[in-house]
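**Student:** As a plain string of letters, each chain reads:
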Amino acid sequence: MGHLTHDEFFARLTELFNARKGKDYGHIYLTQKRFSYEQQTEAKPTAENPFPELHPEKPLPLIIRATNGKSTTQAHTTEKVKVSTIVQPADLEAFYSRYAEVCRAGMSALKPRDRTKRKAKARKKNKGGGGGAAQPS
Amino acid sequence: MPYYAKSEDWLNQSALLLQARPDTTRVMTKYHIERAHRLTKSEKAALTQRSTAVGADGKRGVYPKPPPPPPPSTAPAGGVQKPARGHLVLKTYDPVSGTTLMYKTSKAAEVGRLVQMLGQLGRKMAALPDIPKTREEIMTDGGGGAPAIQQQEGKSAAAAAAAGAGGSGAQTPVVVPRTSTPAQQTQPTQPPAQQAQQGGGGGGGGGGGGKNKKKKGKR
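Those protein sequence lines, which keep their order, are chains A and B.
Take 76 as the starting number for the first sequence in this note's numbering and just add one per residue.
Take 144 as the starting number for the second sequence in this note's numbering and just add one per residue.
Chain A with its partners taken away, still in its complex shape (with noise of 0.2 Å):
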């Protein structure tokens, strides 16, 4: 599959975390990497720059891949996702933060803020004022 759009991407990335939402078990990878095929900038290492690719002319864009693991062998084949997108060093920054949006909205297994002792405290506090010695909690 070619690449998508930022905006394709975006929208299959959601449904991709949706997808997990009401189930208990899965997984979803995510990649970034320089994206360096077919790339005009392969310049042949000389004595004076033994390694070209340390310091490329100009900057250069990111693949972006997300996939749900899936193998492509036997029952899976329909359940495959894979979506990549490029990023071009121009746009990193509106990317990065429309991606950080998605990925906190996506990951909601993750364990929510503790509040508890918090709230504890502030039921101390109110204790405190009338009791002497604290109980612990």
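No wet-lab data here; the hints were simulated from the structure.
Predicted, not measured: the structure shown is a model, and the values here were computed from it.
Fair warning: there could be bad hints in the mix.
[To be verified] Once the Cα atoms are required to be at most 16 Å apart in a straight line, the calculated EDC-like pairs of lysine to aspartate or glutamate come out as:
#	chain 1	residue 1	chain 2	residue 2
1	B	K247	B	E151
2	B	K267	A	E132
3	A	K186	B	E177
4	A	K186	B	E253
5	A	K108	B	E253
6	B	K149	B	E253
7	B	K267	A	D166
8	B	K267	A	E168
9	B	K267	B	E177
10	A	K96	B	E177
11	A	K108	A	E128
12	B	K267	A	D189
13	A	K133	B	D166
14	B	K173	B	E186
15	B	K250	A	D189
16	A	K98	B	E177
17	A	K133	B	D273
Fit chain B to the given chain A structure using the hints.
**Tutor:** What follows is chain B alone, placed relative to chain A:
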């Protein structure tokens, strides 16, 4: 490979790895959900039965494949069912040197920060310059606020990538030094500076510990 205890350590070491091998290093993020309870025998049997039934249907090939069965969360688990637990694993991997750096969390509060870190690493991958730090960040770093110091830090970072210095106990395997020659020349003189920096970080952590102690005393 062991996990880093702090996401900051993971970010620093990943940045060093990216600096050394920007072309091949990739950052993988795995989000996975697991059942909070073990399956009982009957539940397992029900699951396997269902999957074999689907397989038989597929083999017959007369009918189009039925839609996947509903999730087994509907199965009675007896009493209150714990919600499934999710984990997030960040992994920086360089297939050429085999270096793997990992960080694991299960806190939702960290997701935003971690994706921001992915963005920072993305900038390095794209060979874009870092966003200049705000004044506050420079203050907390303990630097004088001069850009020259930042450049120095960058150089020592390159040397550290070659030396493969471990951040928080997790040892980074030695990356074959592929940094450019100026960084290699400065390498022998750099390790003390790097250690001094780490010592500074440790001191900061100690300060944080002191703060906590104070709070305990109040109680």
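**Student:** State the violated hints by number, sorted upward, taking the hints as numbered earlier in the document.
**Tutor:** Hints 5, 9, 12, 14 are the ones this structure does not satisfy, whereas the remaining hints hold.
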